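Student: Protein chains in written order, with our numbering: chain C, 4 to 200; chain A, 8 to 581.
Derived by calculation from the structure, the hints in this document are not laboratory data. Among these hints, one or two may not hold up.
[Unchecked claim] Below 30 Å or equal to it, Euclidean Cα-Cα: the simulated DSS-like pairs (lysine-lysine) are: (1) C:Lys165 with C:Lys25; (2) A:Lys129 with C:Lys98; (3) C:Lys20 with A:Lys310; (4) A:Lys19 with C:Lys25; (5) A:Lys570 with A:Lys372.
Owing to the predicted nature of the structure, the values given are computational and were not obtained by experimental measurement.
These are the residues of each chain, in order.
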Amino acid sequence: MNQNQALPIPANDPFGKATTGKLGMWLFIIIDGLSFAGLLIAGAALRASAPSWPAAGELLNIPLTAFNTFLLICTSFTMVMALNAIQKGDQAGLKKYLTYTMAGGLIFLGIQVYEYYHFIVNDFLLNTSIYSGVFYVTTCFHGLHVLSGVIYIACILYAASKGRYSADNWDHVEILGLFWHFVDLVWILVFTVIYLI
Amino acid sequence: MSNSHEQSFWSKYIFSLDHKVIGKQFLWLGIFFLLFGGFQAMLIRWSLSNNMEPLPWWLLGDFLYQSSPVGAGIIGPDAYNQLFTMHGTIMIFWAITPILIGAFGNFCIPLQIGAPDMVFPKLNMISFWTMFLASVVLLFSYLLPEGTAAGGWTSYPPLSTPVGGIPGQGQTMWTLALTLAGTSTLMGAINYITTIVRLRAPGMDYFKMPLTTWGLFLTSILNALFVPIIAAGLIILLLDNIAGTQFLVAGSKATIPGGDPLLYQHVFWIFGHPEVYILILPAWGIVSDLLSVFARKPAFGYKVTAICMCTITALSGVVWGHHMYTTGMSPLLGKTFMFLTLLISIPSSIFFLNWLGTLWKGALKFDVPMLFAMSVMWVFGLGGLTGLYNATITSDIYLHDTYFVVGHFHYTMAASVLFGGFAAIYFWFPKMFGRDLDPTMGKIHFWGSFIPLNLVFFNMMVMGYAGHHRRIFDPSEFEFLKPVLGLNDFMTTSAFILGAVQVLFAFNFVWSLVKGKLAEKNPWGAATLEWTVDHPIPHGNFSATPQVVNGPHEYSHPSLKDKDWLAQSEPLPS
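So here's chain C without its partners, still in its complex pose (with noise of 0.2 Å):
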């Protein structure tokens, strides 16, 4: 409903000067953010309480994934330049970036396809152990998180693609940034909780 955004923003309004999308999304960020602590403690209350528990780097490949958090990173770049090209209005830039990002979180899902497909044939599966099923379930759930980022962005490139976004209208692609850069540090606590420690 874009008469929505006609709406006055209310004065004194705590939260500055923040859309109304901006404020959703902020809440769904707190909300993705409080299941992924829920897995994350409930695989520290599981490790805590199982008999072995593989050392790290033991079973997991942590060179490859190290690589992946970086191209993760980057791509949070890559997503700030998208939104910096808008700002000044550089519809080619956008589009430039964007696919740049998308690209980024295409190579990081293959990359985790793979790591999957090695662990498989080498029968490391979801119900091999506590360890392979908290494994999983975690880096499964951030890799959801980042399917659904890369149909975000291609979403919004679409819409781009279209000519939506201009120099006074990107409110869009700074709420993807959002989901973006959260699903990028979220993968950081992930990547440190799982492989590292």
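Could you slot chain A onto chain C? The hints should help.
Tutor: Below, chain A alone, put in the same frame as chain C:
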């Protein structure tokens, strides 16, 4: 802001973006499941008093349980487990949640804060249809060969896992349905919070919002914080059910070492305890507002009530352990949870006192909504006081898992929340549908609910004190329950009266919808903004954005001459 173009039937009534229509959709869904879950309660009571006897015709004995393994029309032990599981699940997540949060959250929030609609109308529509999908999944679970879920409404493992649990896919369907219902709730929460933060009319400060909106606001915050946690738990439970993991399985039957059933209990109650406040906060808000309307006085200690509700919201997140005293928790942790739980009684008592202050020297009008609102004070008072026995470790270890807990829970949820919901239905029905609910039938409904309800739930606590376990199939098997079996039958009779009166309510609802007296614009003389809009409420609600100048409860102001109330947007006559 009004949409003048003609809308088709589908976009007006089915896939509507209008918060009022979505609120009504939630109301219908809630009332359907209220009757459905209530009927299951009747079957439970029948089974407890007339164990292994065929159902009579008036409990649909000619249709139900015809292929039961213990004889046609007889509720066997497995069917009994399914009944109490689904009664709890449906009443909590499919009846009172949609009625209080779905229906009145949607209907009241924008109207009470002077907004044209919710901030995200499409999300609002998706929220309802996700709930609808969840309902379909839940109902389909009855068609499974082994029947629906039977692990209790809490679904503790190992009962809820395939390893050592109850056979069949009912649990899987239950988990899926609950995940979908939670998703719907979260969409609602995002919408409600953003709407209240952003769309308040000019002058509508937080401390000028009606307490109903306050309750719904705090409920949404709790939903946003704690539903994601149970979502994580449900994912784990679902995988245990369908993917062969054993996160929640321990002991000799576990083939993968390291699982932990207690993990589920923690995750469930981290959400589950706030959930009871999620449900009761709107009821508290509604009751606070209604007492003020029908006492024709400003709500006593309005700000304090709002702040107390905030305090309870904050405390509710740190008390979940009081559900788990008997799980071998360390005494230090147990005492901490006990202390935090008992702290909640302070803000509760304060706003209870405020309710009494509102009534004090008021010009009380005993309309049907007021009867229900006042009865909430009684049932919530009893529910709250018995809560102290459950919160205290020493008494809880004796009372845990008995009918005392069931009685306490029904006093707070089935009585307080549901009566708050009934008060809301009787109060806002004229504004929702343009007609009055018939007050005579309403009064019969009230007394016919209030008296039997107390007879049922109070005696539940007596039975529980005598040692009646909450999930036994046949109480007559136990020697120590022999002295109270008469009470058991008495409760069953009372429960049937309680159930029959709800049919009258459903009839009144439908009858008044068609034949009820046409409602006035403001039949109760209430001051909040929803009573300033016309019938039928146009798409976009207010013809001009209201300018709020008064608090929500301006009644009996001395300078008023021809009426005793002042709408929130109406300046005081000079």
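Student: Hint by hint, say whether it matches the structure.
Tutor: Hints, verified against the model:
no. : hint                   : result
1   : C:Lys165 with C:Lys25  : holds (22 Å)
2   : A:Lys129 with C:Lys98  : holds (27 Å)
3   : C:Lys20 with A:Lys310  : holds (28 Å)
4   : A:Lys19 with C:Lys25   : holds (28 Å)
5   : A:Lys570 with A:Lys372 : holds (15 Å)
Of the numbered hints stated above, none is contradicted by the structure.
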